[in-house]
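Residues per chain are reported as follows:
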Amino acid sequence: MEWEFLLVQALSGLASASSLFVIASGLTIVFGVTRIVNFAHGSFYMLGAYVAVTVVPWLLEIERSPWLFFAGVLVSALVVGALGVVMEVLLLRRIYRVPELFQLLATFGVVLIVQDVVLLVWGPVDIPGPRAPGLRHGVEILGQRFPAYELFLIFVGPAVLGLLWLLMHRTRFGVLIRAATQDREMVGALGVNQAMLFTGTLFLGAALAGLGGALQIPRASANGQMDLSIITEAFVVTVIGGMGSVPGAFIAAVLIGLLQAFGVLVFPKITLVLVFLLMAAVLVVKPWGLLGRPEAVAGRAVLPEGILDPGRLDGAGKALAALALAGVLALPLLDAYAVKVGTEVLILALAAFSLNFLVGNGGIVSFGHAAYFGLGAYGAGLLVVRGGVPMEASLLAAPLAGGAFAALFGFFVVRLSGIYLAMLTLAFAQIAYAVVFQWVEVTGGDNGLVGVWPSRWAASREVYHYIVAAVTIAAIIFLRRVIHAPFGATLRAARDSAQRADAIGVDVRMHRWLGFTLAGAAAGLAGGLYAFSKGSIDPTLLGIPMSVDFLAMLLLGGIQSVLGPIAGAAAFHAVKDFFMPLTDHWRLFLGLSIIAMVLVFPRGLAGAWASLRRRPA
Amino acid sequence: MAEHVLEVTGLRAGYGPAEVLFGVELHLARGEVAALMGRNGAGKSTTLKAIMGLLPPRAGSIRFAGQEIAGAAAYRIARMGLGYVPEERRIFTDLTVAENLDVGRRAAPAGRAPWTPERLFQIFPNLAEMRHRRGGAMSGGEQQMLTIARTLMGNPEAVLLDEPSEGLAPVIVEQMAEAVLRMKAEGIAVLVSEQNLDFAAAVADRALILEKGSVRWQGSIATLEADEDVRRAYLTV
Numbered sequence: 001m002e003w004e005f006l007l008v009q010a011l012s013g014l015a016s017a018s019s020l021f022v023i024a025s026g027l028t029i030v031f032g033v034t035r036i037v038n039f040a041h042g043s044f045y046m047l048g049a050y051v052a053v054t055v056v057p058w059l060l061e062i063e064r065s066p067w068l069f070f071a072g073v074l075v076s077a078l079v080v081g082a083l084g085v086v087m088e089v090l091l092l093r094r095i096y097r098v099p100e101l102f103q104l105l106a107t108f109g110v111v112l113i114v115q116d117v118v119l120l121v122w123g124p125v126d127i128p129g130p131r132a133p134g135l136r137h138g139v140e141i142l143g144q145r146f147p148a149y150e151l152f153l154i155f156v157g158p159a160v161l162g163l164l165w166l167l168m169h170r171t172r173f174g175v176l177i178r179a180a181t182q183d184r185e186m187v188g189a190l191g192v193n194q195a196m197l198f199t200g201t202l203f204l205g206a207a208l209a210g211l212g213g214a215l216q217i218p219r220a221s222a223n224g225q226m227d228l229s230i231i232t233e234a235f236v237v238t239v240i241g242g243m244g245s246v247p248g249a250f251i252a253a254v255l256i257g258l259l260q261a262f263g264v265l266v267f268p269k270i271t272l273v274l275v276f277l278l279m280a281a282v283l284v285v286k287p288w289g290l291l292g293r294p295e296a297v298a299g300r301a302v303l304p305e306g307i308l309d310p311g312r313l314d315g316a317g318k319a320l321a322a323l324a325l326a327g328v329l330a331l332p333l334l335d336a337y338a339v340k341v342g343t344e345v346l347i348l349a350l351a352a353f354s355l356n357f358l359v360g361n362g363g364i365v366s367f368g369h370a371a372y373f374g375l376g377a378y379g380a381g382l383l384v385v386r387g388g389v390p391m392e393a394s395l396l397a398a399p400l401a402g403g404a405f406a407a408l409f410g411f412f413v414v415r416l417s418g419i420y421l422a423m424l425t426l427a428f429a430q431i432a433y434a435v436v437f438q439w440v441e442v443t444g445g446d447n448g449l450v451g452v453w454p455s456r457w458a459a460s461r462e463v464y465h466y467i468v469a470a471v472t473i474a475a476i477i478f479l480r481r482v483i484h485a486p487f488g489a490t491l492r493a494a495r496d497s498a499q500r501a502d503a504i505g506v507d508v509r510m511h512r513w514l515g516f517t518l519a520g521a522a523a524g525l526a527g528g529l530y531a532f533s534k535g536s537i538d539p540t541l542l543g544i545p546m547s548v549d550f551l552a553m554l555l556l557g558g559i560q561s562v563l564g565p566i567a568g569a570a571a572f573h574a575v576k577d578f579f580m581p582l583t584d585h586w587r588l589f590l591g592l593s594i595i596a597m598v599l600v601f602p603r604g605l606a607g608a609w610a611s612l613r614r615r616p617a
Numbered sequence: 001m002a003e004h005v006l007e008v009t010g011l012r013a014g015y016g017p018a019e020v021l022f023g024v025e026l027h028l029a030r031g032e033v034a035a036l037m038g039r040n041g042a043g044k045s046t047t048l049k050a051i052m053g054l055l056p057p058r059a060g061s062i063r064f065a066g067q068e069i070a071g072a073a074a075y076r077i078a079r080m081g082l083g084y085v086p087e088e089r090r091i092f093t094d095l096t097v098a099e100n101l102d103v104g105r106r107a108a109p110a111g112r113a114p115w116t117p118e119r120l121f122q123i124f125p126n127l128a129e130m131r132h133r134r135g136g137a138m139s140g141g142e143q144q145m146l147t148i149a150r151t152l153m154g155n156p157e158a159v160l161l162d163e164p165s166e167g168l169a170p171v172i173v174e175q176m177a178e179a180v181l182r183m184k185a186e187g188i189a190v191l192v193s194e195q196n197l198d199f200a201a202a203v204a205d206r207a208l209i210l211e212k213g214s215v216r217w218q219g220s221i222a223t224l225e226a227d228e229d230v231r232r233a234y235l236t237v
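Residue numbers (the working numbering), protein chains in the order written: chain A, 1 to 617; chain B, 1 to 237.
These are computed hints drawn from the structure, not numbers from a lab. Careful: at least some of the hints might be erroneous.
From the structure, some residues in chain B lie toward chain A, with a derived Cβ separation under 8 Å [stated by the list, open to error]:
1) Met52
2) Pro56
3) Asp94
4) Glu99
5) Glu157
6) Leu235
Where chain B lies over chain A, by a calculated footprint (3+ residues, C-beta under 8 Å) [unchecked claim]:
7) 178-185
8) 189-203
Cβ pair distances, simulated, as ranges [unchecked claim]:
9) A:Arg97 x B:Glu3: 52 to 60 Å
10) B:Glu178 x A:Ala503: 34 to 42 Å
11) A:Ala71 x B:Leu181: 54 to 62 Å
12) B:Glu88 x A:Asn193: 18 to 26 Å
13) A:Ala220 x B:Gly71: 34 to 42 Å
14) A:Asp309 x B:Ala108: 51 to 59 Å
15) A:Ala503 x B:Glu88: 15 to 23 Å
16) A:His137 x B:Ala108: 38 to 46 Å
17) B:Arg76 x A:Val89: 55 to 63 Å
From a predicted model like this one, the values you see are computed outputs, not experimental measurements. Yeah, the Cβ is synthetic: ideal placement off N, Cα and C, and Gly gets one too.
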């Protein structure tokens with residue numbers, strides 16, 4: 001390889017880094033001030049691109065000048081900034097004090113809403129953007145042609161970094177942002193209206209995302225998948241750089257841009273794995289990222305969100321459980337459709353239960369639980385399809401696969417806490433998703449694999465239903481037993497205060513790691529059962545939407561309750577199965593429902609049940 | 001009671017299920033320095049936080065400059081002219097001294113000379129030399145001076161000062177006392193929470209003693225110094 005070629009490769013890496021930084025800087029600023037990880041940041045990026053492919057060609061009609069092109073890009077950024085203000089005023093302002101899990105879910109609700117709105121406004125077809133007048137040519141660099149627009153992008157990143165530095169150090173608004181990033185309560189006590197500050201911050205953050213999206217239009221068409229594809233990368237950049245740190249985001253973006261540019265030469269298919277290795281390495285050495293600082297927990301006087309007292313089932317609880325069990329057993333008396341839904345509910349209930357084992361019991365807010373569910377499904381499915389192994393043995397492989405990957409990822413995950421932990425679980429899940437998606441020869445890629453059928457004796461829906469019932473109920477009883485056992489209490493102790501648990505001799509990290517692995521194995525088992533119920537496996541089993549579904553089940557069921565997630569899974573799946581065929585705008589409906597739940601129903605079904613019963617008769 | 005700049009009645013507050021304040025009653029006259037005393041855990045900091053709106057009061061009334069402020073947002077209370085200096089200092093460590101002061105800056109009420117960094121540097125000469133130093137690179141005493149200076153930048157009429165002498169070297173404590181007296185000379189009322197009787201005696205006219213979340217004793221500092229029984233009952237460990 002000649003060094004001229006390597007130089008061009010480095011330049012294109014820097015161009016990508018530049019774009020990535022513009023987007024990630026907005027995410028990190030918003031997080032710094034509001035402490036909310038804004039999933040919808042990717043949606044703002046997508047909206048920036050869509051607004052730009054609408055506005056810029058219209059401006060270029062007037063005159064094909066580079067100035068009008070960039071004016072269009074800026075207008076797009078400002079429009080998206082205004083949308084950020086709308087989101088702050090309508091939603092974020094109401095959820096600054098709710099637990100971070102719910103904040104993440106609520107902003108994901110916005111992601112779903114924006115996806116459907118984009119579909120409604122711009123249609124399902126990708127929209128190519130115009131190229132920038134004056135920057136359409138190639139520039140000769142050491143005998144290699146390099147697109148002028150890419151060269152221009154390389155300068156955008158440092159320019160934005162410089163402007164942000166000026167804003168942050170030379171204006172009162174910027175100084176207040178930096179102060180609030182450190183201690184927003186104190187800023188309020190000094191007379192600063194946080195609402196205005198937060199609104200301004202959201203404008204800035206969203207405008208940066210919009211700018212990033214608008215700048216992309218000469219490089220790639222605006223499409224409906226841009227939001228989730230960029231958000232993972234932006235998360236990785238902010239986590240590596242240190243959440244809240246703009247210079248950190250710049251360094252991380254450059255590292256990732258170059259790593260991808262050169263990684264693609266060495267391992268063309270697994271650049272994402274390289275990024276993951278970089279992130280893992282950074283987080284092991286510096287758990288709060290390159291330039292980040294630990295989250296200030298001191299002075300926070302909130303009760304932990306989660307299971308406080310596992311308690312025993314009282315009379316009514318026992319009756320309810322017996323009723324549910326009878327329902328499960330009696331389902332085959334109804335039609336085949338009911339059996340299918342019932343089987344799925346059981347499987348999802350196990351997955352949700354295993355997630356609440358982490359979230360409610362352990363305070364480990366995993367945002368990528370679908371990874372272990374999906375890897376369990378692939379573990380079992382690949383053995384059947386590729387290895388010809390029968391169902392019985394393959395099903396054993398499912399929890400092993402889920403547990404093994406949970407142990408691997410968990411090794412890194414349990415070193416962190418709070419929002420960093422959530423981001424890391426999400427990133428690991430996205431990596432697993434990307435590997436499954438890209439490794440076509442083995443996994444079948446996007447299409448997945450078909451032919452994951454149960455053994456002949458278990459082939460009928462009814463028999464399989466009973467198998468699933470036996471396995472899932474046994475697994476749930478086992479996990480419930482663990483929650484009641486000293487191990488479960490230890491996890492709760494570590495959740496409430498890792499420091500204090502540490503001080504009385506608990507190996508917090510080891511306990512959390514074992515808990516993470518156990519939950520991963522349970523999710524893997526659920527995934528294996530799911531694969532055989534569908535007869536096929538595909539990458540959506542590992543995707544973010546699947547993880548969000550699980551979290552929505554917890555939200556619906558209530559994370560304070562041990563058995564609530566089961567009710568949540570049943571309600572969520574039943575509603576989804578009923579409504580989804582009825583509407584084209586399922587995502588809009590789901591997004592609005594998630595937001596409504598966070599705002600008005602934050603303790604879930606189990607919480608409602610508990611307060612109903614506490615009410616004096 | 002127009003001469004009272006701050007008047008608290010029946011204030012209850014706490015954290016989660018833990019009740020801390022059980023009906024605190026206190027008042028602060030204009031231009032007066034009062035010491036809020038009591039042992040660790042008596043509820044001194046909680047009282048100041050609840051007055052400032054940093055902890056929502058569960059019951060009771062807080063009147064500041066004649067207006068009810070119980071339940072108002074902290075920033076509104078600050079804008080009405082009530083300053084707050086937290087314990088543990090809480091300066092912005094990433095910001096320079098000048099930037100820290102800038103965050104606290106608010107317009108002065110009409111007819112009063114506003115505090116400026118220059119005027120503050122006369123009271124706290126150490127700060128003048130480190131205008132552009134990052135807050136995190138300052139000593140504990142310098143940080144404590146900065147928190148007071150930062151609050152004064154808001155041109156408050158009254159200041160809630162939480163444990164200003166805690167963990168500081170004696171020489172710095174003396175400077176803190178001077179700063180409080182200087183505030184008093186400027187006509188600013190100060191409610192200072194304090195465990196150290198010597199410090200309280202040096203700055204305050206009057207003492208209030210909190211025990212188990214309510215005010216159990218109040219009187220002049222001189223009386224408190226003379227009355228060993230009260231000191232033994234509420235202050236000594």
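Legend entry - Hints violated by the structure (numbers, ascending): Those not satisfied are hints 2, 5, 6, 9, 13, 16, 17.
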